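Add chain L to chain Z, keeping to what the hints say.
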Amino acid sequence: MEYRYAIILYLVNQFRGERTISGIYHLLKGKKSSQSIQDSFLFHVEPFFHSCEDLDRRDFKALIDECMSRRWISSPEQDSQRFVLSSEGERVFSRLDGHLLTPEGLNFTEQVNEESRFWLKLQLMVQTLSALLYHQRAFLPITRQPSVTESVRRCIMEASLGRSKLAAYFYRELVYFLQRCPASEAELLTAQLTGYKMSGLTVKQIAELTGKDEYECRILFKSALRRLMREIAEFPNYYPYTGRLLIVKKSALSLSAEETLKLIRSGLSLHEVAKKRRLSQSTVEDHLVEIALKDRTIDMSNYLSDRLEKQILEAASEAKTKQLKPIKKLLLDRASYFQIRLALAKEAVRRGEDPNGTTDE
Amino acid sequence: MGRLMNDHESDLIAQARDILKKKFGYDQFRSGQQQVIQEVLSGHDVFAMMPTGSGKSICYEVPGYLLEGIVLIISPLLSLMEDQVNQLREIGEKNVRALNGLMHPEERSRVLAHLRDIRFLFISPEMLRQHSVLTALSRVKLSLFVVDEAHCVSQWGHDFRPDYLYLAEIRSHLGNPACLAVTATADERVREDIVRSLDLRAVNYVLMSVDRRNIALAVHKVKSSEEKIEELCKLLSKVQLPGIVYCAGRDWTEKIADIIRQKLGLRTAFYHGGMEAVDRRKIQNQFLDGQLDLLCCTNAFGMGINKPDIRLVVHFHFPATMNAYLQEIGRASRDGKQGLAILYYAEQDEHYPLGFIDANFPDDTLLRQVLRELDQGLLKLEKKETFLTSLQDRGASETAARFIFENVRFVTRGMNYSSIFEECRKKITERRSVQLNELSMMKRYLNSTTCRRAFYLSVYNESQSEKLDLCCDQCGLSLEAFERACPQTSDVHPEQTLDWHQRLATIFRESERDI
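Top to bottom, those sequences are chains Z and L.
In terms of our numbering, the first sequence opens at residue 6 and continues consecutively.
In terms of our numbering, the second sequence opens at residue 308 and continues consecutively.
Same shape as in the complex, but just chain Z (with noise of 0.2 Å):
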């Protein structure tokens, strides 16, 4: 079966109808809404999560459209946009590897926010070098971006070298890391690489060339990106120069998620921090549960007691589903949306990281 049906079988199975298949495509996509990046907790997709980042929404729709009619997918209700595997569906899913379907490196998932700046770098540097190294006087640049060309600009000036030099350090960190990555990710993550008179190939060039399937080098691209980020991280002495390109944060919060948490540990109430961020209290809100799913050592019993935590989950369990609404009627509203929210995404997290766990602990 090809990736990209084998792909969509699989979220349609984690997702379980819950939501629609907009919420698929936020999360191949990226968005960075906490709806998006709390579902991928909430149904343990994290390391599809901007997976697909490139992503055009008509040729997804395509293919979900490709999905129902050979009878894979269906819908529950009518005209809905929820959709569940059928019987056949799930015949076909249940014989599929589900390790080919993740390869290892889409999973340290930590570094997900700067993923995008991070490659823009990466191919702003390796063309820039090459032009250097080729005596090539002018070209044009992979990429626009003031910040991402203001930071290759800055890495090149501070290096204290020659720039052949350079560029054969960034030569020898490039080898080191594919040398040890699986070959068809070494492939899918040079062939986008821009030199002189060689310029990248687009993913879609790249899957028509091979012969692979459009969805497949995607992910296998990630899994590439991914691994050297990771790589960076953890052995930075190894990448002294690549490293560069890289700001390593020590949690995988977005910045705003981080800064709300700042204001928090210093004491400070939800409210408070709204007023003083001049944010909607709902933003604050969403950070709280970006917080609750990205590090576990949060107190959140300001928010959320144990007892109304405990109701709620017995709420969801009972209702079978992960949607808000039915949770709160059947709690006859004893709790707000966002406690709601709060205790599904630190049981997500509970359940992650013990998947034969039950709900209690």
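Heads up, some of the hints might be wrong.
Quick list of simulated restraints, FRET-style, between CB atoms [claimed, not checked]:
1. L:R675 - Z:K267: 45 to 51 Å
2. Z:L166 - L:K328: 37 to 43 Å
3. Z:S322 - L:R720: 55 to 61 Å
4. L:R679 - Z:Q328: 32 to 38 Å
5. Z:S322 - L:R675: 50 to 56 Å
Short derived list, chain Z residues pointing at chain L, Cβ under 10 Å [said to hold, decoys possible]:
6. D61
7. Y139
8. R142
9. S169
10. Y176
11. L179
12. V180
13. G200
14. K202
15. T215
For lysine-lysine, the following DSS-like pairs were computed, each having C-alpha atoms within a straight-line distance of at most 30 Å [unchecked claim]:
16. Z:K281 - L:K401
17. Z:K281 - L:K687
18. Z:K280 - L:K691
19. L:K562 - Z:K36
20. Z:K37 - L:K545
21. L:K401 - Z:K202
22. Z:K209 - L:K545
23. L:K545 - Z:K202
24. L:K535 - Z:K66
These aren't lab readings, by the way, just hints derived from the structure by calculation.
Just so we're clear, the structure is a prediction, and the values are computed from it rather than from any experiment.
Don't be surprised by glycine CBs; every beta carbon is placed ideally from N, CA and C.
Positioned in the frame of chain Z, the structure of chain L alone reads:
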């Protein structure tokens, strides 16, 4: 030219020719260039109409090496600016910079802090209105004030840019340096508009023919899209490449690229505005580097593309104006060798340009809704970009959003936004009818039974000087003259290697180092 040169002038031209040889490697000026340069060097205001591909940048680049001070070039498009900067860098010019909205603030301050070292400064009209930029510029000497794509100043032009309206004021603020206004095509009305709006005085006109004599023209009438594709494949299997195929929509570019790759094995890619910026840039670079034989694209591709050896421009769908058509075929054969422009025409294609024209303006319902929301404070006119985005969220096209913005920005405090509704509608009707006229001109070209070249020259009040051997389908055109020596086959091209080690070694020039 008319008048005789005096000694001083012939001395200047001799120096200019020297620069042309030393810096640019050419022995001779091309027609029109010398006249423009001569007027510019004498300090006159000049209006120059030079067709795409005639080397108009030489006209301010050469004076840049002879005059004292900065040559300031106002350019409306980032891609154009980038290409111009690159061309100068390629001849080894280091003192060239650009200032535009896409730059990092630090980079901008670096440029402003070192203005004195700069010989050529490219700038967007928006940037020129910033106080800090204007102040910095008023402290240095400008040798020449170049307005590129000058037709943008005219409401009657096809590409009106309101920011261009302030250029006269800015020029006077900067001490009235001599002005060179250049455009590829402008009819008489637009020309007058430009000269008036830019406040050009005792202006010298240099009007070159819009004729690209080395591009042969053909219009091919067909019944259906299938027939078009068939004809296109036949054509592409024979004629010289690289080439461009212009299509009316994104889907078409992808579809045609697919068919051609599969049927003919040509190295083909597509390019349109819906692609990620990085992917667009990759494809563009592949085309420029000769890694592609054919590019299927929308009109998003082309501005600022400088590839001299494009041999073929195909229109799979026809554009909305004669002007756009000339602009697009003008990308062929800038090196002066023979090129070919073929247009496939089916009656039903008309709905594409009609659709574009409609999308240029908001419809009544949208216009009324936006004005009302402005009055109610639901929509706010704060940052231009945010405003444009929120209009697009309400269903306006980009051009329609711009249209609304340009009209509501002048509504003063205490005035009712809804009160300008009728005025806007009137403007829309006016501009729309201008565009419909242009479309009908385009259609007349397609249906004309006489010489294509004579027809388009007559649109610009020109007539043909002599008959060409390879003129157009109406004059009799055999495609034999355009056939390629040996048809390309679909072997694997070495630059497409996917072996990562080999590829990386080439990029980093390591393979050579080892030898």
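Here is what the structure says about each hint:
| no. | hint | verdict |
| --- | --- | --- |
| 1 | L:R675 - Z:K267: 45 to 51 Å | 47 Å, holds |
| 2 | Z:L166 - L:K328: 37 to 43 Å | 39 Å, holds |
| 3 | Z:S322 - L:R720: 55 to 61 Å | 59 Å, holds |
| 4 | L:R679 - Z:Q328: 32 to 38 Å | 37 Å, holds |
| 5 | Z:S322 - L:R675: 50 to 56 Å | 52 Å, holds |
| 6 | D61 | 7 Å, holds |
| 7 | Y139 | 6 Å, holds |
| 8 | R142 | 5 Å, holds |
| 9 | S169 | 8 Å, holds |
| 10 | Y176 | 4 Å, holds |
| 11 | L179 | 6 Å, holds |
| 12 | V180 | 7 Å, holds |
| 13 | G200 | 3 Å, holds |
| 14 | K202 | 5 Å, holds |
| 15 | T215 | 7 Å, holds |
| 16 | Z:K281 - L:K401 | 48 Å, violated |
| 17 | Z:K281 - L:K687 | 24 Å, holds |
| 18 | Z:K280 - L:K691 | 27 Å, holds |
| 19 | L:K562 - Z:K36 | 29 Å, holds |
| 20 | Z:K37 - L:K545 | 50 Å, violated |
| 21 | L:K401 - Z:K202 | 22 Å, holds |
| 22 | Z:K209 - L:K545 | 27 Å, holds |
| 23 | L:K545 - Z:K202 | 27 Å, holds |
| 24 | L:K535 - Z:K66 | 29 Å, holds |
Hints 16, 20 from the earlier list are contradicted by this structure; the remaining hints agree with it.
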